[in-house]
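Colleague: 305 is the number of the first residue of the sequence shown in our numbering; add one for each residue after it.
Honestly, the hints are just simulated from the structure, not real lab data. One thing to keep in mind: the hints can contain errors.
[Said to hold, decoys possible] Per label pair, the in silico range of CB-to-CB distance:
| no. | residue 1 | residue 2 | range |
| --- | --- | --- | --- |
| 1 | R608 | R377 | 34 to 44 Å |
| 2 | R417 | G389 | 18 to 28 Å |
| 3 | R508 | P579 | 36 to 46 Å |
| 4 | G610 | T446 | 41 to 51 Å |
| 5 | P556 | E532 | 29 to 39 Å |
| 6 | S372 | T553 | 28 to 38 Å |
| 7 | R417 | V591 | 35 to 45 Å |
| 8 | V591 | D364 | 16 to 26 Å |
| 9 | S517 | T555 | 38 to 48 Å |
A virtual CB, placed ideally from N, CA and C, is assigned to each residue, including glycine.
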Amino acid sequence: MTVSMLIDCDPGIDDALALALAAGSEALDLRGITTVGGNVGLDLTTANALALRDFLDLGDVPIVPGCSGALVRGPMDAAHVHGAGGLGDAVLPPAVRAIADGHAVDFIISTLRDNPGEITLVATGPLTNIALAVRKEPRIVTWVRDFVIMGGSYTRGNHNPAAEFNILTDPEAAAITFNAGWTTTQVGLDVTLTARVTTRVLDRMRDLGRLSSLILPSVQYYAPITAESGPALHDAVAVAHVIDPTLLTLTPAEVRVETAGHYTTGMTVTDFNSPTPNTQVATHLDVDRFWDLMITSYGRLAGRLG
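Kindly generate the complete structure, drawing on both the sequences and the hints.
Modeller: Here it is as structure tokens:
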């Protein structure tokens, strides 16, 4: 069965490789890409999304830019991780086609409204666009098929000891999103940090033709790669879950976002014993099957790209 997906993202190395996974999957029908400021500024995340659409042969999938910064806080980015342009050392041809008209918030609302119960909404960046969509049209929580985020953690942070980057960038938006009345599937650091590109995985990615010119320089920029460890492809795990929901073990919990803590702002406070769960929290990833899915999808896309 094909799943229709709308992705809100901030490309970003791992967002780019998640889009490549979506492009190579026979199980997904990508209905749109909305962009948000996050890993780098909105102008760059949008430019990267446009270039990726052409490079990955995504056709006429609409790309709609959204919010450049958080609801109430100052700007943050992760250019020190993703490079000044956002894609590490990868260099893509300039985009041929332009952005779609409108704003991401309105596009999210209209897409879900016009396709009730059909669209899986995936967010792999800060949740600013999603929060504003919920505030503007609360009924989207009933129109969506599933809502999946890459963000947060029940054990640790990565941008600071308590908080994961996507949540910390706009904790108020994350709090709105988790409290919106839908059941969120949270793919957090607890599982994404097990999806690491080791030398063995990297070797499986080398023979992918033109696609390798995106994957190899971006992944190798991201973090050192050894036989035991390497960069984690966080966002791809969220997309992989949409393709194959059996890859992740999900545990119900109540998740709230800390917005006022001096040391813990952005923390996703997770109560696995709550009688009122609002989230399905990913607690385990079948790593070997994840990489088999990734390489198979990449191989299919590489065959198409040449």
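Colleague: Each hint should be assessed against the structure and marked as holding or not.
Modeller: Quick rundown of the hints versus the structure:
A hinted range of 34 to 44 Å for the beta carbons of R608 and R377 is consistent with their spacing of about 41 Å. As the Cβ distance of R417 to G389 is approximately 35 Å, the hint placing it in 18 to 28 Å is violated. Range check, R508 to P579: about 44 Å between beta-carbon atoms, so the 36 to 46 Å window is met. G610 and T446 have their C-beta atoms about 43 Å apart, which keeps the hinted 41 to 51 Å range intact.
Range check, P556 to E532: about 33 Å between beta-carbon atoms, so the 29 to 39 Å window is met. In this structure, S372 and T553 meet the distance hint of 28 to 38 Å, their C-beta atoms being roughly 36 Å apart. Checked against the given bound of 35 to 45 Å, the beta carbons of R417 and V591, roughly 37 Å apart, stay inside it. Between V591 and D364 the Cβ separation comes to about 35 Å, which falls outside the hinted range of 16 to 26 Å.
Checked against the hint of 38 to 48 Å, the pair S517 and T555 passes, with Cβ atoms roughly 39 Å apart.
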